[in-house]
Amino acid sequence: MRVLSKVERLRILALLRQRPMYISEIARMLGIPYPLVHLHLKALERAGLVESRYEMVTEARPHVRRYYRVRDFRIVVTPDLIAQLAGGEEGEG
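For any residue, its number in our numbering is found by taking its place in the sequence shown, counting from 1, and adding 6.
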């Protein structure tokens, strides 16, 4: 779960608990550059912690917007996980 070792990713997850949001909205609310939010969301999605969907927006100018939301997940903390997060060998100790 090294994906959760970055404070920005935790902030994104906390924000997405409120409701689904799109990248520009997340970037604006957290004061993080768009490209960085995009990279963090990509990592969170790969890890299965968030999911996204596309939605057609008709306000102002029609376009497609990608919304992200937190998936239900559970993290079980084990000695092996702690060793992995600390940079040690799995199964050590």
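No lab work stands behind these hints, which were simulated from the structure alone. A few of these clues could be false.
Unchecked claim - Derived pair list, reagent style SDA-like, types lysine to any residue, alpha-carbon separation capped at 25 Å: (1) K48 - M27; (2) K48 - R71; (3) K12 - E65; (4) K12 - V76; (5) K12 - E31; (6) K12 - P85; (7) K48 - S30.
Going down the list of hints, with the structure as the test:
no.: 1; hint: K48 - M27; result: holds, 14 Å
no.: 2; hint: K48 - R71; result: holds, 16 Å
no.: 3; hint: K12 - E65; result: violated, 35 Å
no.: 4; hint: K12 - V76; result: holds, 16 Å
no.: 5; hint: K12 - E31; result: holds, 20 Å
no.: 6; hint: K12 - P85; result: holds, 20 Å
no.: 7; hint: K48 - S30; result: holds, 14 Å
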